[in-house]
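Asks: The lines below spell out each chain.
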Amino acid sequence: MTTQIAENVHPWMAAARPQGGPRWVQDLRERGATRFSALGFPTVRDEEWRFTNVAPIASGEFKPADGAAPLVESQLAGLLYADARYRLVVVNGQYRPELSRVHGLPAGVRAGSLAGTINGELQADSEIVQRYLGQLADVGTRAFDALNTARLQDGAFIHVPDGVILPDPLQVMFVSTADGGAASVSHPRLLIVVGDMAQARVVETYVGTGGRYFANAVSEVFVGENAVLDHYKVQEDSTEAFHIGSMHIHASRSATVSSHSFTLGGKLVRNDVIAILDGEGAECTLNGLYLADGERLVDNHTTIDHAKAHCPSHELYKGILGGRARAVFNGKIIVRPDAQKTNAKQTNRALLLSDSASINTKPQLEIFADDVKCTHGAAIGQLDEDALFYLRARGLTFEEARDLLIHAFAGEILDRVQIDALKSAVEGELYAQLAKDLAEADAG
Amino acid sequence: MLDIKKLKVEAAGAEILRGIDLHVDTGEVHAIMGPNGSGKSTLARVLAGHPEYEVTGGEVSYEGRDLLAMDPDERAREGVFMAFQYPVEIAGVNNAYFLKAALNAKRKHQGQPELDAMEFMQIIKEKAGLLDIDQGMLSRAVNEGFSGGEKKRNEIFQMALLEPKLAILDETDSGLDIDALKTVSSGVNAMRSPQRAIIVVTHYQRLLDYIVPDYVHVLTGGRIVKSGGKELALELEKRGYGWIEPALV
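Residue numbers (the numbering used here), protein chains in the order written: chain A, 1 to 444; chain B, 1 to 249.
Chain A on its own, in the form it takes in the complex (with noise of 0.2 Å):
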């Protein structure tokens, strides 16, 4: 009998699972357990990780991430946007109070651990996340999403209660560690439910302070009737880390949201935003910008899958690839029977400044009714000849026109970040990256 069960478990389900909580944590724990057995890692042969071999994850040696790692406040200062009004912090996928700043939030806006609300701390909090939590990521299929549900224990929980208006940004900040040689793994939650004619602007940021670590992050997010979020998630994880992250969003009726996704770090990243438009008129705008330099992988796969009339999503994505870097874009929009009048475009560009970078791009439309407009366009190529020698004919270096086309290039997705301490933050980083893998370029 014992025997039995260990061959149908997983070897990552072996280790001892997190315990505790109300019984329906523990069943959606069991259930992710379960689920990451049946499935187990995904391989090239799979559809959706065709061009992502995930292998170095799958036969990795990964130590469960220290919550409690010491990390004090000066060691965030120096981290990508540390510097929003309002910061939750989770330290390696566990909610740390001390480094959170949530003082003076309005009333009734919800901040803080997800663990102190599925334990029951607070009544109202809880039941809040048992209706939420789990509702959005898809143990059924996808591996990673079961692999962190199977590890359930903390993260961060945001609740903007019906008509609350957040005036300021409110930051959620994973910090992933690894301390010395050994790597290891955490599992980063959140759950945001954003009430109906309520409003709020969350940026997640994901950072680390160097090593090798695996961060396999899952964010759930339901916007409500005619309410308005404006997300950001921007990726720095350190050159040796594997970041898996899936973000899962629920559009009510006439609910508007834009998620803009920035991957700046992180040696094999895979991003997969899945927004799901339930309710007529709901508006979704997903933007992302990727820097591929070196030897790394960035692949962003997207799902919009408009399930109601009405619903105009727009997306545009773009990646800057230099050295020997690959990338992928995978952009699936679905149009449902009922979502007639859906209006859908979708757009992919990549700028390769090496002729040793790649990328592989596909647009997946599957249509079910029959008055919808969806356009998708794709473009991948190197800095526009013309472009250069018409600013040099004006007296323009060239690496002034150069440096003045790739801006031009990432500022089309730069202008749309509302913040603008947050826009001066990854502008910073993506053109002092950008600089440093110019000159290695120019040198060698």
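Keep in mind the hints are simulated off the structure, nothing from the lab.
Remember, predicted model here, so these are calculated numbers, not experimental data.
Please note that the accuracy of each hint is not assured.
The list that follows gives simulated cross-link-like pairs (lysine-lysine, BS3-like), each with its CA atoms no further than 30 Å apart [unchecked claim]:
id, chain 1, residue 1, chain 2, residue 2
1, A, Lys-436, B, Lys-106
2, A, Lys-362, A, Lys-332
3, B, Lys-108, A, Lys-436
Here are some, though not all, of the chain A residues that point toward chain B, as calculated from beta-carbon distances under 7 Å [said to hold, decoys possible]:
id, residue
4, Pro-56
5, Ala-58
6, Asp-386
7, Tyr-390
8, Ala-393
9, Arg-394
10, Thr-397
11, Gly-411
12, Arg-416
13, Gly-428
14, Glu-429
15, Leu-438
Quick reminder that beta carbons are idealized off the backbone N, C-alpha and C, glycines included.
Go by the hints and put chain B onto chain A.
Replies: Positioned in the frame of chain A, the structure of chain B alone reads:
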């Protein structure tokens, strides 16, 4: 100022210019005319340093220096300006920002202080009226969504800002209606000066009614086959290129 000797140029393995000789002094306006495919735009683009062309023979001296040894941006900073036949659209680069960068590149080269935004706008104001440049054209991306006439006006506007020593206009009149042609021509005429040379490359004689040249050259089959005064342009208008071509090609 500009001395072209036996210049031979190829593009993609085909010889386009087959030995051009041309001497231009400051204060002069030269028109280069010729039928389609004669090589007149190639000459303009080679002088600006376009990377598509390979110089296979001859030399070009500009103010006593070897022009062909200079990068395109160095030529520009040294006062060579080509108004493009097809100005390039550059998405995401604000036109005013671009003009300021170009002007400051030149100022830096000349050891002058770079202009700040206020000083730059002052200069823009002085020069914009001449070419009917409005705020919309300055705040849009470079040439993006510009009409044909707007693009050409923007080229001559750049010329007015950069005050080159040698200006080469590559078919600046092509595709312009008569009003735009007059605006562009008056912009160019305002730039005529004893310190500046202008080369006007054109397919049509009409432009030369407005920008009256000192010399006219006929370029055909990659060679300059006839040179004369402004009356040569009128003769070409009347008789076409046919009367020159057969005898010499």
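Asks: Starting from the hint list further up, note which numbers the structure goes against and sort them upward.
Replies: 4, 5, 12, 13, 14, 15
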